[in-house]
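Offset between the sequence shown (1-based) and the working numbering: plus 1042.
Derived by calculation from the structure, the hints in this document are not laboratory data. Ideal Cβ placement from N, Cα and C applies to all residues, glycine included. Any given hint could be a false lead.
Claimed, not checked - Have a look at the derived ranges for each label pair, beta carbon to beta carbon:
(1) 1121 / 1066: 17 to 23 angstroms
(2) 1129 / 1104: 18 to 24 angstroms
(3) 1123 / 1066: 22 to 28 angstroms
(4) 1143 / 1114: 29 to 35 angstroms
(5) 1117 / 1067: 26 to 32 angstroms
(6) 1134 / 1083: 19 to 25 angstroms
(7) 1143 / 1104: 35 to 41 angstroms
(8) 1107 / 1068: 34 to 40 angstroms
Claimed, not checked - The calculated EDC-like cross-link candidates involving lysine to aspartate or glutamate, where the alpha carbons are at most 16 angstroms apart (straight line), are:
(9) 1089 / 1053
(10) 1089 / 1052
(11) 1089 / 1125
(12) 1089 / 1107
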Amino acid sequence: MTETPALPGEDTLIEAIATVYDPEIPVNIYELGLIYAVEINDDGGVKVEMTLTAPACPSAQELPEQVQNAVLMVPGVTSCHVETVWDPPWDPSRMSEEARLQLNMF
(Lines of atoms letter the chains of each structure in order from A and count residues from 1; the text may use other names and numbers.)
(Lines give C-alpha, C1' and ligand atoms only; values in the text may rest on other atoms or scores of the structure.)
Protein backbone atom coordinates (compact mmCIF):
# COMPACT_ATOMS: atom_id res chain seq x y z
CA MET A 1 0.00 0.00 0.00
CA THR A 2 1.48 3.31 -1.04
CA GLU A 3 1.34 6.14 1.39
CA THR A 4 -0.03 9.37 0.01
CA PRO A 5 2.01 12.45 0.86
CA ALA A 6 0.51 14.80 3.39
CA LEU A 7 -1.37 17.76 2.01
CA PRO A 8 0.69 20.94 1.98
CA GLY A 9 -0.20 23.65 4.44
CA GLU A 10 -1.18 27.14 3.37
CA ASP A 11 2.06 28.55 4.80
CA THR A 12 4.12 26.17 2.67
CA LEU A 13 2.19 27.19 -0.45
CA ILE A 14 2.62 30.88 0.37
CA GLU A 15 6.37 30.34 0.80
CA ALA A 16 6.47 28.79 -2.68
CA ILE A 17 4.40 31.62 -4.18
CA ALA A 18 6.68 34.18 -2.50
CA THR A 19 9.56 32.94 -4.67
CA VAL A 20 7.87 34.62 -7.66
CA TYR A 21 8.81 38.25 -8.23
CA ASP A 22 7.22 40.91 -10.39
CA PRO A 23 9.93 41.65 -12.98
CA GLU A 24 9.34 45.40 -12.73
CA ILE A 25 9.19 45.67 -8.93
CA PRO A 26 11.84 44.05 -6.68
CA VAL A 27 9.24 42.56 -4.31
CA ASN A 28 7.63 39.11 -4.39
CA ILE A 29 4.05 38.94 -5.62
CA TYR A 30 2.69 37.78 -2.26
CA GLU A 31 4.06 40.85 -0.45
CA LEU A 32 2.75 43.01 -3.30
CA GLY A 33 -0.74 41.77 -2.46
CA LEU A 34 -1.32 40.12 -5.84
CA ILE A 35 -2.48 36.81 -4.31
CA TYR A 36 -6.14 36.97 -3.31
CA ALA A 37 -6.83 33.33 -2.36
CA VAL A 38 -5.12 29.95 -2.00
CA GLU A 39 -7.38 26.89 -1.72
CA ILE A 40 -6.22 23.32 -1.10
CA ASN A 41 -8.53 20.44 -2.04
CA ASP A 42 -8.57 17.07 -0.27
CA ASP A 43 -6.86 15.48 -3.30
CA GLY A 44 -3.89 17.88 -3.22
CA GLY A 45 -5.21 20.13 -5.96
CA VAL A 46 -4.53 23.81 -5.39
CA LYS A 47 -6.42 26.81 -6.74
CA VAL A 48 -4.80 30.24 -6.62
CA GLU A 49 -6.65 33.48 -7.33
CA MET A 50 -4.32 36.30 -8.21
CA THR A 51 -4.36 39.63 -9.91
CA LEU A 52 -1.81 41.83 -11.63
CA THR A 53 -0.87 45.42 -10.93
CA ALA A 54 -2.59 46.47 -14.18
CA PRO A 55 -4.59 44.70 -16.92
CA ALA A 56 -1.93 45.67 -19.47
CA CYS A 57 0.86 44.26 -17.29
CA PRO A 58 3.64 42.97 -19.57
CA SER A 59 3.95 39.89 -17.31
CA ALA A 60 0.27 38.93 -17.67
CA GLN A 61 1.16 35.58 -19.23
CA GLU A 62 4.30 34.63 -17.36
CA LEU A 63 3.45 35.49 -13.72
CA PRO A 64 0.50 33.04 -13.46
CA GLU A 65 2.68 30.34 -15.08
CA GLN A 66 5.48 31.04 -12.60
CA VAL A 67 3.00 30.79 -9.70
CA GLN A 68 1.67 27.49 -11.06
CA ASN A 69 5.19 26.08 -11.46
CA ALA A 70 6.19 27.17 -7.94
CA VAL A 71 3.08 25.59 -6.37
CA LEU A 72 3.53 22.35 -8.34
CA MET A 73 7.02 21.96 -6.79
CA VAL A 74 5.49 21.69 -3.28
CA PRO A 75 5.33 18.07 -2.06
CA GLY A 76 1.75 16.80 -1.86
CA VAL A 77 0.41 19.12 -4.58
CA THR A 78 -1.23 17.08 -7.34
CA SER A 79 -2.40 19.92 -9.57
CA CYS A 80 -2.59 23.70 -9.63
CA HIS A 81 -5.01 26.06 -11.32
CA VAL A 82 -4.15 29.76 -11.30
CA GLU A 83 -6.98 32.14 -12.07
CA THR A 84 -6.30 35.79 -12.84
CA VAL A 85 -9.06 37.97 -11.41
CA TRP A 86 -9.61 41.71 -11.75
CA ASP A 87 -12.17 42.25 -9.01
CA PRO A 88 -11.31 43.79 -6.67
CA PRO A 89 -8.74 45.76 -8.64
CA TRP A 90 -5.24 45.83 -7.17
CA ASP A 91 -4.00 49.03 -5.58
CA PRO A 92 -0.93 49.81 -3.44
CA SER A 93 -2.95 49.51 -0.20
CA ARG A 94 -2.87 45.71 -0.68
CA MET A 95 0.92 45.66 -0.25
CA SER A 96 2.42 44.39 2.99
CA GLU A 97 4.25 46.79 5.26
CA GLU A 98 7.48 45.00 4.32
CA ALA A 99 6.85 45.65 0.61
CA ARG A 100 6.14 49.33 1.27
CA LEU A 101 9.40 49.66 3.19
CA GLN A 102 11.33 47.98 0.36
CA LEU A 103 9.83 50.40 -2.15
CA ASN A 104 10.06 53.46 0.12
CA MET A 105 6.28 53.90 0.01
CA PHE A 106 5.16 55.21 3.38
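Hints versus structure:
Residue 1121 and residue 1066 have their C-beta atoms about 29 angstroms apart, which leaves the hinted 17 to 23 angstroms range violated. Separated by about 22 angstroms at the C-beta atoms, residue 1129 and residue 1104 satisfy the suggested range of 18 to 24 angstroms. In this structure, residue 1123 and residue 1066 meet the distance hint of 22 to 28 angstroms, their C-beta atoms being roughly 25 angstroms apart. Range check, residue 1143 to residue 1114: about 31 angstroms between beta-carbon atoms, so the 29 to 35 angstroms window is met.
Checked against the given bound of 26 to 32 angstroms, the beta carbons of residue 1117 and residue 1067, roughly 29 angstroms apart, stay inside it. Between residue 1134 and residue 1083 the Cβ separation comes to about 32 angstroms, which falls outside the hinted range of 19 to 25 angstroms. Distance hint for residue 1143 and residue 1104: a CB-CB separation of about 26 angstroms, inconsistent with the stated range 35 to 41 angstroms. The beta-carbon spacing between residue 1107 and residue 1068, approximately 20 angstroms, falls outside the hinted interval of 34 to 40 angstroms.
Under the criterion of a C-alpha separation no larger than 16 angstroms, the hint pairing residue 1089 with residue 1053 is consistent with the structure, at around 14 angstroms. For the given pair, residue 1089 sits about 11 angstroms from residue 1052 by alpha-carbon distance, which is consistent with the 16 angstroms threshold. Straight-line distance between C-alpha atoms of residue 1089 and residue 1125 comes to about 8 angstroms, which keeps the hinted pair within the 16 angstroms bound. With a C-alpha separation of about 13 angstroms, the suggested pair residue 1089 and residue 1107 falls inside the 16 angstroms cut-off, and the hint holds.
Violated hints, listed in ascending order, are 1, 6, 7, 8; each of the other numbered hints is respected by the structure.
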